[in-house]
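**Q** Based on these hints, arrange chain B on the given structure of chain A.
Number of protein chains: 2
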Amino acid sequence: MKSKTITLDEIKRVISSLDLISAIEQGFIDYSSGRATVPPIGELLMDKGEVHIKYGYIQGDDYYVIKIASAFYDNPKIGLPSSNGMMLLFNQHTGETECILLDEGYLTDTRTAIAGAIAAKYLAPENVERIGMVGTGTQARMQLQYLKKVVDCSDVLVWGRGKEKLSKYKTDMKQHGFDIETTTDISGILKNCNLIVAATPAHEPLLRATDLQSGVHITAMGSDTPEKQELESGILEQADLVVTDSIEQCMERGEIYKAIKTGSITKEKVVELGNIIAGKAEGRTSDDQITVADLTGVAVQDIKIAEAVFEN
Amino acid sequence: MKSKTITLDEIKRVISSLDLISAIEQGFIDYSSGRATVPPIGELLMDKGEVHIKYGYIQGDDYYVIKIASAFYDNPKIGLPSSNGMMLLFNQHTGETECILLDEGYLTDTRTAIAGAIAAKYLAPENVERIGMVGTGTQARMQLQYLKKVVDCSDVLVWGRGKEKLSKYKTDMKQHGFDIETTTDISGILKNCNLIVAATPAHEPLLRATDLQSGVHITAMGSDTPEKQELESGILEQADLVVTDSIEQCMERGEIYKAIKTGSITKEKVVELGNIIAGKAEGRTSDDQITVADLTGVAVQDIKIAEAVFEN
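From first to last, the protein sequence lines are chains A and B. Heads up: the first sequence at position 96 corresponds to 96 in the numbering used here, and the numbers run straight through without jumps. Heads up: the second sequence at position 214 corresponds to 214 in the numbering used here, and the numbers run straight through without jumps.
In isolation and in its complexed conformation, chain A is listed as follows:
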């Protein structure tokens, strides 16, 4: 078994040279066209942490991918990151191990950020005047870095609960060429920005329907369980277009799950991102529409990013 182990440092060295947006767009297309086989997620719950196993393959591809991702919430107390993980790439024709990507969760963060960029690419209004970022964590940073590749706007208003984290975010993201203004008033985000990304683990809605303006696109990245919610369901109700990465998955978790449960929208209103990318469904058709993308993450993103890193 001549399998190759690739470390996080090696992954980080190669990743900036890859066209991951195209790769993951293709993943969404494959998913929405039914070419992806993605079995239910495996789960192991322990006293101190939990592990999720996501796996699958795209018919006609050369590989299948198994991703192991763990979260151990007490780790920071002993100086370890709470998230960890690896991706394993195997040959779809022989089962041979092609590569072990010891990415420690970095590729999951990256493919999540790229999904946000893809949503913005297809759904943001033509002129993004100001980006509104809800949250100051890892994902709120990475989202901005990948948005830069698809949106010509460096003016950012960022919301957070704590002034210290906001100030740190501002300092850090300035180094990436962004003009950052900070706020602790969430209503300012919807009132002043026309491309908004929500990237928090909130369990109660942050963005309010009463603050909604026309001509905005909102991507909700944070809510990936049945409990989490970042947007009031009224926002989805008022939206002209509600998009998701996986209709099957958003029936069970995320903003769309909440909005359908409360009767704010019906399943028929929801369009899959892969079908918009493929031109099979309509995306934004005018600059004054309100669009919402609710992304909970699908294994095709893992498959495509692992393949792209391995092949390069």
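It is worth saying that the hints were derived from the structure and are not from the lab. Computed from a prediction, not measured in an experiment: that's the story for all the values here. Please note that a few of the clues may not be correct.
Any copy, or any two copies together, can satisfy a pair, since identical chains are not distinguished.
Said to hold, decoys possible - Derived DSSO-like pairs: lysine-lysine, alpha-carbon spacing no greater than 27 Å straight-line:
hint, residue 1, residue 2
1, K4, K48
2, K77, K4
3, K174, K163
4, K280, K267
5, K174, K4
6, K148, K12
7, K228, K191
8, K170, K48
9, K148, K163
10, K77, K163
11, K77, K174
**A** Same frame as chain A, but now just chain B:
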């Protein structure tokens, strides 16, 4: 992440020095006492092969284990083994990767053979006069090698369909110190041996109830799906004791599944091996009893063998 990758060659170098029988006995005890968490098997079916993901942990242990095992049946045509796989060992307290065992399926074969030895240790009659081996494949070879550690008998009658394979088996196993006689008449096995191991992928019963003698122990290793069967259900009906590694699992696959389905036995007749090892249930109580062990393989065996290899 300072994880260690261990190759098949390194595994083979260390394995003979390990007390794997004790380790896996403890695994069966942990399983039967409810200390093991073993979620449903993950499965990926592709055009040319299939992959199974088995995973779990034992409460109070230091690790959790994820095993990936594949079978690609056309591989031999291009000079590759059909089976492949690896075991991944993680820290149960932090989620850190401790070790990647690139065993290519060897540890699965080994833990399966050891389970057969454990069944013989607790269930074989005191004086094993002749071992009867049904099958001539990899598992039929490994079973014999591990039986040597628990049973003082080197006299073996082996059954197979093809004379060439029988002759090869005889030559190979002689080198391990066994006296091998071969036969293509299956009835000879039950008529002449008092410790029998069936290790074939048969889909129709091989061993017949009419040939059954008193004072025999039979371990059925081969049947691990709802379709496979090596023993006529009448054998389980006549047996004084029917043992399995997992009562839950044998309700859905293997010899016991078949025998219950045809009404030959009821679930109440079945005893778990871990409870016999722990002294909580009775094993063989006299030399003229007929005992049957039906083993379909449980993830605790993978957990225990991976831990033992890693710790050494």
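**Q** Does each hint fit the structure? Answer for all of them.
**A** Each hint, compared with the structure:
With identical chains, the CA atoms of K4 and K48 are at most 27 Å apart between copies only, with a shortest distance of 23 Å across copies and 31 Å within one. In this assembly of identical chains, K77 and K4 lie within 27 Å of each other by CA distance solely across copies; the values are 24 Å between and 33 Å within a copy. For the identical chains of this complex, K174 and K163 are intra-copy neighbours only, at 16 Å inside a copy versus 77 Å across copies, given an alpha-carbon limit of 27 Å. For a Cα distance limit of 27 Å, the shortest separation of K280 from K267 inside one copy, 18 Å, qualifies, whereas the shortest one across copies, 54 Å, does not.
Neither within a single protomer nor between protomers do K174 and K4 lie at most 27 Å apart by alpha-carbon distance, with minima of 37 Å and 39 Å respectively. With identical chains, the CA atoms of K148 and K12 are at most 27 Å apart within one copy only, with a shortest distance of 18 Å there and 51 Å across copies. In this assembly of identical chains, K228 and K191 lie within 27 Å of each other by CA distance solely inside one copy; the values are 23 Å within and 66 Å between copies. In this homomeric assembly, K170 and K48 never come within 27 Å of each other (Cα to Cα): the closest approach is 33 Å inside a single copy and 52 Å across copies.
For the homomeric pair K148 and K163, the shortest alpha-carbon distance inside one copy (25 Å) is at most 27 Å, but the shortest distance between copies (70 Å) is not. For a Cα distance limit of 27 Å, the shortest separation of K77 from K163 inside one copy, 23 Å, qualifies, whereas the shortest one across copies, 65 Å, does not. In this homomeric assembly, K77 and K174 never come within 27 Å of each other (Cα to Cα): the closest approach is 29 Å inside a single copy and 58 Å across copies.
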